[in-house]
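One point on numbering: in full-length UniProt numbering, the residue at position 915 of the sequence shown is 915, and numbering is uninterrupted.
Keep in mind the hints are simulated off the structure, nothing from the lab.
It is possible that some hints are incorrect.
As the list claims (entries may be wrong) - In silico lysine-lysine, BS3-like type, Cα no more than 25 Å apart, as pairs:
1. K202 with K75
2. K201 with K317
3. K286 with K173
4. K84 with K173
5. K79 with K284
6. K161 with K317
7. K213 with K891
8. K327 with K194
9. K84 with K126
10. K201 with K327
11. K79 with K213
12. K327 with K283
13. K618 with K201
14. K389 with K618
15. K961 with K949
16. K126 with K1154
17. K389 with K286
To be verified - What follows is a list of derived Cβ distance ranges for each label pair:
18. E409 with E921: 33 to 43 Å
19. T205 with D287: 49 to 59 Å
20. A844 with Q693: 50 to 60 Å
Since the model is a prediction, treat every value here as computed from it, not as a measurement.
Heads up, the beta-carbon is just placed ideally off N, CA and C, and yes, glycines get one too.
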Amino acid sequence: MLKKEDRQLLPLTQAQQRIWYTEVLYPNTNACILAGSLVMRGQVHLDALMRSIQLLIEGNDAFRIQLTAEHGEPKQYVKPYEYKEIGCLDFSGDRQELQAEQWLDLYNREPMELLDSELYQFVILKVNDQEMWCSLKMHHIISDGISMNLIVNQVMQTYLKLIKGASPSGDAKHSYIDYIQAEEAYEQSDRFNKDRAFWLKKFDTLPEATGLKAYNPLSVSTAAKRDRVIISDDLYSRLKSFCQEHQIGVFTFFLAAQYIYLHKVTNQRDVTIGTIYANRTTKKEKDTIGMFASTVAARISVEPDAELLSFLRAVAKEQSTILRHQKYPYNQLIQDLRQVHKSQDIQQRLFGIAMEYQPMNWLHFDNISVQIHNQFCGHEVNDFVIHIKEMMDDQHLELNVDYRTHLFEENEVQRMLQQIITIAEQLIQCPFEKIVEVSLISEEEKNTILTVFNDTWADYPRDKTIHHLFEEQVERSPDQVAVVFEDEQLTYRELNEKANRLARTLRAEGVQPDQPVGILVERSLEMIVGIFGILKAGGAYVPIDPNYPEERIRYVLEDSDTKLLLVQNHLWENAPFTGKLLDLNDSQTYCEDSSNLELAAGPNHLAYVIYTSGSTGKPKGVMVEHRSVINRLVWMQEKYPLDERDAILQKTAFTFDVSVWELFWWSMAGSTVVLLPSGGEKNPELIMDTIAQKGVSTMHFVPAMLHAFLESMEQKPSEELQQKLASLRRVFASGEALTPTHVSGFQRILTPAGQAQIINLYGPTEATVDVSYFECQADEQYAAVPIGKPISNIQLYIVQAGLEHLQPIGVAGELCIAGDGLARGYLNRPELTAEKFVDNPFAAGERMYRTGDLARWMPDGNIEYLGRIDNQVKIRGFRIELGEVEAQLLKAASVQEAVVIAREDEAGQKQLCAYFVADTEMTVGELRSTLSQELPSYMMPSYFVQLTKMPLSPNGKIDRKALPAPEGSIQTGVEYVAPRTPMEQTLISVWQSVLGTPVIGVLDSFFDLGGDSIKSIQVVSRLFQAGYKLEMKDLFTYPTVAALSPHVQLTSRVADQGEVRGGAGLTPIQHWFFEQQLAETHHFNQAVMLYREQGFDEAALRKTMNKIAEHHDALRMVYRQGESGYEAWNRGVHEGELYSLEVVDLKDTLDAAKAVEAKASDIQASIDLSEGPLMKLGLFRCAEGDHLLMAIHHLVVDGVSWRILLEDISTCYEQAVKGQTIRLPQKTDSFQTWAQQLAQ
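The task is simple: from the sequences and hints, build the whole structure.
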């Protein structure tokens, strides 16, 4: 072994520093492991292959590089070559290839030791007599993609010489260590400064689109999967021809397709993708094994009006430009940009999506064909990486995607790949089209959306009006109670007759079809009579809330050109109206005939004009026809049938369109409507009592009011809820986003009381109340509550910006509505009507309404609402969806409601301000800590304001305009706060020593004080020296002392040093092994052969192995068949043989090598899983010295284990030979404990 004092410690290259930094940020993962297999087909000579590998390791110092840490900084040193046996596993037999693949997949997922350890592992797998795999795992810090190809070439060149009897070339290979000096020279050169200037200009502003999802990359697991799609032969042939014709590489082609894809799904033009460059500019570098690869943030502007072919050429040109500046280190650029932009987020990344190209050929050597297969190791630090894998010989191309499973579902990735292929098709077929004309959607998916998701046709009485259906119901149930208000009520007959009398009065006043008639009333019987009277007269009712400001009332009356206004007598004098007034409380208003009138209005005439808020500050009147209302009501009745036993609670202001179904649904079903007194909609107690007294079965809540109601009901005894809410069956929610918190609260509090169901509805006033529905299931937990599927005779489209193209499943776009629910338009606003009600590009001759809402299709045909398109804001160059911040804030414990808005400060800079309601007092630190787990820091609100309740508009929605301005004292600023705990003092002392800053408060940001990646490593190291453990990523997630201190841990815990004995759980790879039901289980072992020319002392060796078996408890494991499968048992020290050692004297044997091979096979075959021991040794005394075989079953040992074992054996043997007491370092956690933790 190389003594510590003999090591020459060298700095890491910039490329290595990037890998080290990644390793420190994501410890105990395989994110920095490269794996590949040399697939060899033909007659392979195993001994020549193993010899070739040994010469490879001996000749290239990159294999012998090991890492260590000195004063908190990483260093590397090169160990002299030492022969070590290479493992060989035989999988020949039934299902051989599948078993080998499964074993290799699990093997590649095993992490590697980073410090003072070998950073490579070879293993050979025999698949059958004509196929062998030479598998190599290397840490990325000593290798890259080019190196893997060099390795293949060197191994095969040496192999061919050996099997031909020639001596391998003794030419010295280039040293990777030499690259350190070359890099130092580059950093002092003019070229370095030119490269730096190029990249700083390229990123003088930060990119808008770096990934598909906003999240904190450091707090999300790197666990990943690999998925793939194979390009069809036809597409591949056309793609190759296209690329040859236009002199564009396959990589450039797919990079351009990916740029267009990201542009389409993010709606951003400024797009950055990570690419990998070889960064080998000299012949020497090109022939050297080691880590040279340069990560490049390839940024480009995707202009929608650019032609596809022009864009392809622009991408190719940009790649050529980058090639000249590829040497500048990515990690150095990050540090530069942090200084320029003063933003913590660029400490993490400039891109989240990467792409690389892997051309592959079968290499033919005499009777052997060879191909390198790159393999997946189970972790990924980017959102996803696309590997373009082109098999040149087979004329075959596939796209492999490694993606973080916390971010993406498998079906999302498959859809994304298909959408990229769709773009590829259009690039080839229509190269002169503009980017704006490119669609992501395939014909098959387009057909699914148009004809399956939107298969909503249903019949309904298209020739009837609202009042006509009511009159038909009067005939069926004249004496049924129709409407109840406090102690008053009207039957269907009474209501019909009174409305008929009023209608005749209105006709006498000249009311005609489509004429707006104002009605200014409080909730009352007169309101219902007045509305039905207007409809029967042929007019369209214009509801006006008497609580509106006088100016708004006057505007509505004037804008609608109302000639006639119905009022209650107590409101008469306050009506700002100069036209004709009719008193609904005056008996003279009802002196006409009570029989039904001849129908004046038809289904295409207006039923009402409801005014909604307008972007200009003036409300706009939405004109809705009878047929649209009929379609909506008939759907509701067929989906959720009412009868004479039902009662609807009417509590929504009639100026809000949700009131429409409350006002009319019952009238066609024979049910009753119960009117809540004005103001009662804000009184949970009154609502509960009314439900109980009137037997209400159906009602509506705006989610904000539902929250208040649930909060009140939660204080009630369950017995009272069961008694008073027993009649409640359905609660519809609409008007704003329904959150998972609302749903879970409803199911916890209200559902048990009477089995009530909550249904989420969505729809704008312009499409007649609601156009989609989603039934929340009682046993479901929702991450987000969908708005559901379209109702009858409604078509929903999600389109990209140009409105010409449908967005595919999973891709956000503007939600548009078509079908029988569309309003006629805006009263007196033809320009706005033309802007919002456009021609339907998917159905000739029809109209489509643009909602301005952002949404996406889900695979099951439901739609997820994502917020308003105009709810996007740009803060410090970053585009932010306010709804996304709100959704994360709602996940914080105790937070019940949340609203995030953008406010301008005194300097005119936009700042995010979060308002929330919680059931406990919450600190800014708590909220920031919660949000930082999911959100990048640029999405962190600058202000947090806790409210006792949210301000509500008259419609029951949260009134954002009424949110109070934040006070300066609650901004998340950086006033000086001294350390308050010993841990905070320790952190500040370490920060002061690393940063050289004398005064640091607990609220100061590490990065604002000049911290960077290197300094953060020093902080972690110095804390470790002081007895504390800190994960690097925690420093990025919690960059202040106050936030960081709870995440620092003492390192004083020592594992139990006692004997481990008893049952142990199986690890995943052990489960896999037993599932194979192998006939020869002993074959699954690993062996090494040690050689000692002067021979081994048998007594010292036995003492050594006794101590090893006692110290490493896992070596005493056995595995026995139980009733439920195999079970593991850790034997005690005195429970059977610890190991076996056979001593064989071969000094006088002529063919000692053959004898050793035969005996070694016998020893390996004698391993018995159920009885043990699983460690067997053979000491072969030969003429040239002793050979020591150590065979251990792979169930209890792996590559990292061998390194530890061989070091411990060396230590023990040296002590035993000298007669010293054998001492080993303290045990770490046992295999038994580790298996238990894996199972949790």
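Going through the hints against the structure:
| no. | hint | in the structure |
| --- | --- | --- |
| 1 | K202 with K75 | violated, 32 Å |
| 2 | K201 with K317 | holds, 17 Å |
| 3 | K286 with K173 | holds, 12 Å |
| 4 | K84 with K173 | holds, 20 Å |
| 5 | K79 with K284 | holds, 22 Å |
| 6 | K161 with K317 | violated, 43 Å |
| 7 | K213 with K891 | holds, 17 Å |
| 8 | K327 with K194 | holds, 11 Å |
| 9 | K84 with K126 | holds, 20 Å |
| 10 | K201 with K327 | holds, 16 Å |
| 11 | K79 with K213 | violated, 44 Å |
| 12 | K327 with K283 | holds, 15 Å |
| 13 | K618 with K201 | violated, 46 Å |
| 14 | K389 with K618 | violated, 58 Å |
| 15 | K961 with K949 | holds, 15 Å |
| 16 | K126 with K1154 | holds, 21 Å |
| 17 | K389 with K286 | holds, 22 Å |
| 18 | E409 with E921: 33 to 43 Å | holds, 38 Å |
| 19 | T205 with D287: 49 to 59 Å | violated, 40 Å |
| 20 | A844 with Q693: 50 to 60 Å | holds, 54 Å |
Checked against the numbered hints above, the structure breaks hints 1, 6, 11, 13, 14, 19 and satisfies the rest.
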